[in-house]
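Chemist: With these hints in hand, go ahead and build the complete structure from the sequences.
In this text, residue positions in the sequence shown follow the working numbering: the first is 385, and each later residue adds one.
A couple of the hints might just be wrong.
To be verified - As a list, the in silico DMTMM-like pairs of lysine to aspartate or glutamate whose alpha-carbon atoms are at most 20 angstroms apart:
id : residue 1 : residue 2
1  : K493      : D456
2  : K600      : D450
3  : K695      : E660
4  : K493      : E422
5  : K606      : D538
6  : K425      : E448
7  : K703      : D538
8  : K600      : E685
9  : K703      : E658
10 : K493      : D586
11 : K508      : E466
12 : K508      : D440
13 : K600      : E448
14 : K678      : E660
15 : K669      : E685
16 : K600      : D538
17 : K695      : D675
18 : K571      : D558
19 : K458      : D440
20 : K693      : E658
21 : K695      : E658
22 : K458      : E422
23 : K602      : D677
24 : K425      : E465
25 : K425      : E466
26 : K606      : D450
27 : K695      : E685
28 : K678      : E532
29 : K693      : D677
30 : K678      : E668
31 : K436      : E413
32 : K669      : E658
No wet-lab data here; the hints were simulated from the structure.
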Amino acid sequence: MKLVKMSITAMVTALLAGCAGSMVVPTQEHASVLNNAEQAKQALLQAVSCCKSFNDFSYASLPEGDTLLVVDGKQPSFQFEEGMSYFAAYRLPVNTGNLAISIASQVSKTVMVPKVIMLDSQFKVTRVLGESVFSYQPAHLLDNDRIEGRVFVDRSMPGNADSETYMIIYAPADELSTSTTILHPSKAFARANGTVEPDIKDPVIPHSPWGLVQIKVKDMAKGSGLEAVFKPEYADKVAMSQGQQAAGVVTTTAVAAATTTKVAAKPAPAMLSETEAFYQSQIEKAVNAGDIDKAMQLVSEAERAGSSKAKAVFVDAVKRSQK
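Modeler: Here it is as structure tokens:
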């Protein structure tokens, strides 16, 4: 459900800012999936494991761009380490550069807390990504309330092209007895308008084995040079109940230093020190908040305005955030 009411002006602003190309997740069309956590749990009790191991899964090709995943009783189930869960299994896009994958589980009357297992080409676990990656994000513009995380796949290092080939998304059974507290719509409205927040309790949303998940896949090699710089995420656990061991946590940061010769252009005027300091603080703030896209936009803007330090500040901030 949409938890923040938007004015016509705000909607137009969002569209002009480029949000028109983003998928607006149709939660109302999938109300039966999101309305009743107990019904979903009862269905799960009747589920049986589809397979003996990960290499028996049927992997769908994950395209670049937006994919809407519906997790319900029609999905296959498997006995994961935490217990029985419905899941979706994907083969990652091929012939790409580094991949940035955004996974956002939509909040309505229920929410599915996602967990991700990354596998290499031999179906061996490389990473298991859970609470270190996924967190609640309140509704904003065209985005619903959601539990969202980003997964980065590093294909820049020699020998890494096939290191992570498959991705499994599921709702771990040990999350089903808990809940997520979200921001009340009235509080969100007050924050957006700079007014005093009402003294009202925030809604508590039960976790469900079913859910509606928006997946966005971006080939970072198709963008600017800065998009080759990313923050890797670390595994929560690497030992799986099937006896598989992780091949190693991916901790490499791909900081691509382009050496191409550029056509000489008229340099921008030197930036004032006060303006330089402002951009540096905003870039570091965005990186610390995990908003890499915003940080990269600030770097591009600062460089167009004459900054000579913005890119170095960005790279340093990313490196510090990984420690």
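Chemist: Evaluate each hint against the coordinates.
Modeler: Status of each hint after checking the structure:
1. K493 with D456: Satisfied, since the Cα-Cα distance of roughly 15 angstroms is no more than 20 angstroms.
2. K600 with D450: At roughly 5 angstroms apart (the allowed maximum being 20 angstroms), D450 and K600 satisfy the hint.
3. K695 with E660: The hint holds at about 12 angstroms.
4. K493 with E422: Given pair K493, E422 holds - Cα atoms ~11 angstroms apart, limit 20 angstroms.
5. K606 with D538: holds, 14 angstroms
6. K425 with E448: violated, 32 angstroms
7. K703 with D538: holds, 15 angstroms
8. K600 with E685: violated, 25 angstroms
9. K703 with E658: This hinted pair is violated, its Cα atoms lying about 24 angstroms apart.
10. K493 with D586: Between K493 and D586 the Cα gap is close to 13 angstroms, so the pair holds against 20 angstroms.
11. K508 with E466: holds, 18 angstroms
12. K508 with D440: This hinted pair holds, its Cα atoms lying about 12 angstroms apart.
13. K600 with E448: Between K600 and E448 the Cα gap is close to 7 angstroms, so the pair holds against 20 angstroms.
14. K678 with E660: Given that 20 angstroms is the threshold and the Cα spacing comes to 17 angstroms, the pair holds.
15. K669 with E685: Holds, at about 16 angstroms.
16. K600 with D538: holds, 16 angstroms
17. K695 with D675: Given that 20 angstroms is the threshold and the Cα spacing comes to 15 angstroms, the pair holds.
18. K571 with D558: Violated: K571 and D558 sit about 30 angstroms apart, past 20 angstroms.
19. K458 with D440: holds, 18 angstroms
20. K693 with E658: holds, 13 angstroms
21. K695 with E658: This hinted pair holds, its Cα atoms lying about 17 angstroms apart.
22. K458 with E422: Given that 20 angstroms is the threshold and the Cα spacing comes to 17 angstroms, the pair holds.
23. K602 with D677: Status holds; Cα separation ~12 angstroms.
24. K425 with E465: holds, 18 angstroms
25. K425 with E466: holds, 15 angstroms
26. K606 with D450: holds, 16 angstroms
27. K695 with E685: Answer holds: K695 to E685 is near 11 angstroms, not above 20 angstroms.
28. K678 with E532: Holds, at about 16 angstroms.
29. K693 with D677: holds, 18 angstroms
30. K678 with E668: Within the cut-off at roughly 10 angstroms; holds.
31. K436 with E413: Cα-Cα ~34 angstroms, so violated.
32. K669 with E658: Satisfied, since the Cα-Cα distance of roughly 17 angstroms is no more than 20 angstroms.
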